[in-house]
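Based on the provided sequences and hints, a complete structural model is requested.
From first to last, the protein sequence lines stand for chains U and W.
First residue of the first sequence? That's 104 in my numbering, and the numbers climb one at a time after it.
First residue of the second sequence? That's 27 in my numbering, and the numbers climb one at a time after it.
If you are wondering where the hints come from, they were derived from the structure by calculation, not from laboratory data.
From a predicted model like this one, the values you see are computed outputs, not experimental measurements.
Only true hints are included.
Among the chain U residues that face chain W by a calculated CB cut under 10 Å, a handful are:
id, residue
1, 104
2, 105
3, 119
4, 126
5, 203
Think about it this way: if two alpha-carbon atoms lie no more than 30 Å apart in a straight line, the pair counts; the simulated DSBU-like pairs of lysine-lysine are:
id, chain 1, residue 1, chain 2, residue 2
6, W, 88, W, 78
7, W, 88, W, 137
8, W, 31, W, 104
9, U, 112, W, 88
10, W, 32, W, 137
11, W, 104, U, 112
12, U, 158, W, 32
13, W, 81, W, 137
14, U, 112, U, 158
15, W, 32, U, 112
16, U, 112, U, 181
17, U, 176, U, 112
We treat Cβ as the ideally placed atom computed from N, Cα and C, and that holds for glycine.
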Amino acid sequence: MSTLHTVNKSPFATGSLLSCLNHCSDGDAVLMIEDGVYGALAGTRISDEVQASTKQVSLYVLSPDAQARGLDKARYLKEINGVDYDGFVDLVAEHSRTQAWL
Amino acid sequence: MSETKKFLYVNRKAPYGTIYALESLEVVLIGAAFEQDVSLAFLDDGVFQLTKDQKTDAIGVKNFSPTFRALGDFEVTKLYVEQESLDERGLTQSDLQEITYEDEDDDWAEKPSIHIVSRSQMAGIMADQDVVLSF
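Pasting the structure below:
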């Protein structure tokens with residue numbers, strides 16, 4: 104009965120990512136898409152908080168959006184996995200509902 | 027007969043800077059025709075949608091805040107407002123409009139539609155839905 108959350112805004116422009124993480128239930132997944140992929144970076148002012156959330160929540164990045172922005176996998180937090188479009192579909196299918204954080 | 031589903035409309039934007047808040051309210055009113063189990067969530071800047079004394083004459087857009095008080099007539103009677111979001115913005119419940127509905131199962135007693143909930147309660151409400159629509 105878990106939820107897939109999607110975040111599509113940079114965490115440096117809006118509070119969407121942190122608000123999302125603060126409203127996740129244990130076992131939920133968060134997929135960063137579009138400008139949301141910047142939330143996956145290591146060494147930022149929010150990366151400690153993002154990393155801490157991985158104890159309760161699985162974090163993913165949509166790889167095509169990250170690649171488009173020149174973000175190599177080596178720059179993500181190590182707890183975050185990349186998925187392609189098929190992986191996005193799998194995540195939607197694996198969870199009971201999808202909630203967008205606009 | 028289709029089965030009733032739990033719908034949650036999540037409101038996280040302030041009312042007039044973007045069209046999200048008005049669009050959400052429009053969708054809620056349209057959706058009310060389908061007789062589902064509807065709740066509204068107000069968190070982050072979404073709590074600003076419910077403040078009293080909104081006056082939009084001078085910016086030339088419709089003040090849609092009174093429409094929230096009509097939701098009860100459409101059997102939309104559960105408006106959850108997050109305490110932490112109010113606190114972060116220096117607001118208390120007394121800054122919000124009073125929104126009520128008449129409970130047909132209780133001799134049409136007038137009851138409050140707004141429920142102030144904690145962030146963890148809000149997370150539980152979100153996890154309890156069949157469908158979540160975000161604005």
